[in-house]
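Undergrad: In case you want the letters, here they are:
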Amino acid sequence: MTSVTTAHSVVEPSVTTRRFAGSLVVLYAIITMIPLVWIMLTAFKSPDDAISYPPKVMFKPSLEGFCNLFTTRSRQTPEFIRSLGPPQGLCDGIARDRNMVVAGPSNYVPRFVNSLIIAFGSTVLAVALGTLSAYGFSRFRVPLKDDLLFFILSTRMMPPIAVAIPIYLMYRTIGLSDTRLGMILLYTSVNVSLAVWLLKGFIDEIPREYEEAAMIDGYTRFQAFVKVVLPQATTGIAATAIFCLIFAWNEYAFAVLLTSGNAQTAPPFIPIIIGEGGQDWPAVAAGTTLFLVPIVVFTVLLRKHLLRGITFGAVRK
Amino acid sequence: MNELSASSRITYRAVMVRPGLARRIRGLSDRMLAWLFITPTIVLLLAINIFPLLWTIYLSFTNYRANRANVPTIWLGADWYQSILTDPDIWAAMQVTAHFVIWTVVIETVLGFGLAYLIDKKFRGHGMWTTIILLPMMLSPAVVGNFWTFLYQPQIGLFNYVVAFFTGRAASSFQMLGDVTLSPWAIVIVDAWMWTPYVMLICLAGLRSIPDYIYEAAEVDRASKWRQFWSITLPMALPFIMLAVLFRGIENFKMFDMVNLLTGGGPGSTTEVASITLKRAAFESWRTGYSSAFAIILFVTVFGLANIYVKALNKVKSR
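Chains W and V are the protein sequences, given in the same order.
For the first sequence, our numbering gives the first residue as 1, with consecutive numbering after it.
For the second sequence, our numbering gives the first residue as 1001, with consecutive numbering after it.
In short, the hints are calculated from the structure, not lab data.
We treat Cβ as the ideally placed atom computed from N, Cα and C, and that holds for glycine.
Heads up, a few of these hints could be off.
[Claimed, not checked] Beta-carbon label-pair distances, calculated as ranges:
hint : chain 1 : residue 1 : chain 2 : residue 2 : range
1    : W       : Q223      : V       : L1046     : 28 to 34 Å
2    : V       : G1304     : W       : A103      : 51 to 57 Å
3    : V       : F1229     : W       : I174      : 56 to 62 Å
4    : W       : F298      : V       : M1236     : 28 to 34 Å
5    : V       : S1209     : W       : A238      : 47 to 53 Å
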């Protein structure tokens, strides 16, 4: 694609070099994708296929993993099962083949909903606070600006377990343990540092002449911020929001130490999906697959801003 | 960065002295607005980060235990710090951490730079393949750790099967997560799988920041490709490589989630990195005072590294 548009200079790699480089990269990409593809395949295997040796690449697709993910089941005698009516729904049918009946929904959906609420709640807060601060740092002369910015960044460098010890005590005292609000505040505080640094970079790039023109036309500074800067910064705000969302979605250390039921998110829950006799791998794989799909979509959406996001806005191209 | 803020400061002053404009700003002055915009963030960070940090410092000098809140708190002075710094178990954990950090950073840098170098050759479809390679680093480390335990299962796991296929050893003859010599490498492999793309992405930016005319000048001077690589490519990409190395170093020094799910520190304590030792002391033995002191030691270490990191950031930015 690019080879068509760029002019040929002496430094252009030759066709052979390109092909060689390309094939090595493709080889790496394929190897690196195998674990992911494997876990997605496992989600559609029956428990027997999932733990067969040698590992099965070809198998009969089954929805048992997803059924086990969404339901809890109890083992019954064959006589009892025969005494019941026809199976209610697909999952009940699958369970009955294994002498079980569906007892009720599992905790996966509530955990997934917690993940959504906490991720979106903390993202909205972090981006709102971050946009205001970023504008403040970008446009005004703030005393100790560099020190404040470094302070904001350094809060993100703390080891999560070290932060979790006092937060655990603090939340226990003020009644925020195992609440969504507590998790939202905590994730906001972690994300706001990223949001400030990223958004400051984006806002720095908006020429301040725009606001000045608006202010000459009679806007106040605040109106100029709302009506001129914010619309210009939309892309940056969206990219920042996705980064915050991904962090909150993926976070595990705080979630596993500070939540136990009510506010537990999906990452601490997925590894403890247990079937009869150890981990129920198809169910774990199904939970993992559903959990990872949004991230894959976001990664593709974000690819132009990835570099900026992972370096706190330091590297921009 | 410095250059940029300096130039913007000048424009700002220019705006300030324009009298007609200043009169038009009704309501809030700029100074008020600046504080109004910045204060909420600072307040949140003070409440959720700094206050707890100060509390941790206080606790680290006491015998407080979170599961026995009614026991009267006794001031111990620096006892915990002394016992931690002389505790062989802590030094063992630090060694495990060092092994993990050094090997992951070395492997990720070599692989990541190599990949970036190849992708920079701009072969057909390099954009799509780059996005595919980047996927692992966006995933949840906990979920990654969890599904790698499945791949590492001795009899049924794909990893063991593939190794068995290529080496001829029986797939059930080795346990990546249960073996004392293999488990430190098991966590290194997963981390390298996950984070090589990160280093690759930053190195790629470094390589792309090198202007073509330098290579053209080198061609004119008949410098060999080998010479060009060592005298142009590597030195000019170095600040970016350093950035990636420092960031991975800091992140892996704090590593918790992935290792917790892969091995939980085991077998024994062969993969017990510092964060896992800390979690065991704080949330399993409930030695809150002791673990607070350890947390502060870790924090000071990370803070020192972060300081170097920010300096490196500014160096890269000023280019």
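Undergrad: Tell me, which hint numbers fail for this structure?
TA: Failing hint: just 5.
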